Amino acid sequence: MSQLFKNVLIILTVIVLVAIGYYMLKERGSNSLSLNNADAISDQLLNQTQVFIERRNQLESISFDFEIFNNPNFSSLVSYSSDVPEQVVGKSNIFDTVSNIQTDNQPSH
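If you count by our numbering, then the sequence shown holds residues 1 to 109, one letter each, in order.
These aren't lab readings, by the way, just hints derived from the structure by calculation. Hints may contain errors.
[Unchecked claim] Across the chosen pairs, the derived CB separations fall in these ranges:
(1) Leu17 / Phe66: 27 to 37 Å
(2) Tyr80 / Leu4: 51 to 61 Å
(3) Ile94 / Met24: 30 to 40 Å
(4) Asn73 / Phe5: 25 to 35 Å
(5) Asn47 / Asn7: 24 to 34 Å
Since the model is a prediction, treat every value here as computed from it, not as a measurement. A virtual CB, placed ideally from N, CA and C, is assigned to each residue, including glycine.
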């Protein structure tokens with residue numbers, strides 16, 4: 001695994017843990033830190049941490065072979081897209097009624 005990927009993963013882990021901590025403090029208020037709710041909070045935090053670890057492990061198992069971009073078949077692909085012509089949007093006079101608006105398909109009277 002590259003050093004850049006490891007650094008990004010560590011930063012994302014820290015951000016998620018900070019977000020979970022912030023969520024726990026803001027959602028429950030200051031009363032959530034009492035001893036009565038400590039077990040419920042720790043259980044919830046453990047469950048969320050376990051879910052995060054499982055998802056991180058799934059993401060770490062993903063690999064992508066970048067050699068596909070060096071393949072001649074990929075290099076020979078041709079784009080068949082065409083530019084979309086710019087069209088007039090809206091009305092020239094915003095106070096005109098719908099029946100007074102001229103379109104490109106209708107000749108003016």
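* To do: Hint says 24 to 34 Å; check whether the CB-CB distance for Asn47 and Asn7 agrees.
  => Distance hint for Asn47, Asn7 holds at roughly 27 Å.
* Mind checking the hinted window 51 to 61 Å against the Cβ distance between Tyr80 and Leu4? => Given range 51 to 61 Å: violated, Cβ gap about 35 Å.
* Range hint 25 to 35 Å: satisfied by the CB atoms of Asn73 and Phe5? -> Given range 25 to 35 Å: holds, Cβ gap about 27 Å.
* Do the beta carbons of Ile94 and Met24 sit within 30 to 40 Å of each other? -> violated, 50 Å
* Would you say the C-beta atoms of Leu17 and Phe66 sit inside 27 to 37 Å of each other? -> For Phe66 against Leu17, whose Cβ atoms are near 30 Å apart, the range 27 to 37 Å holds.
Against the hints set out earlier in the document, violations occur for numbers 2 and 3.
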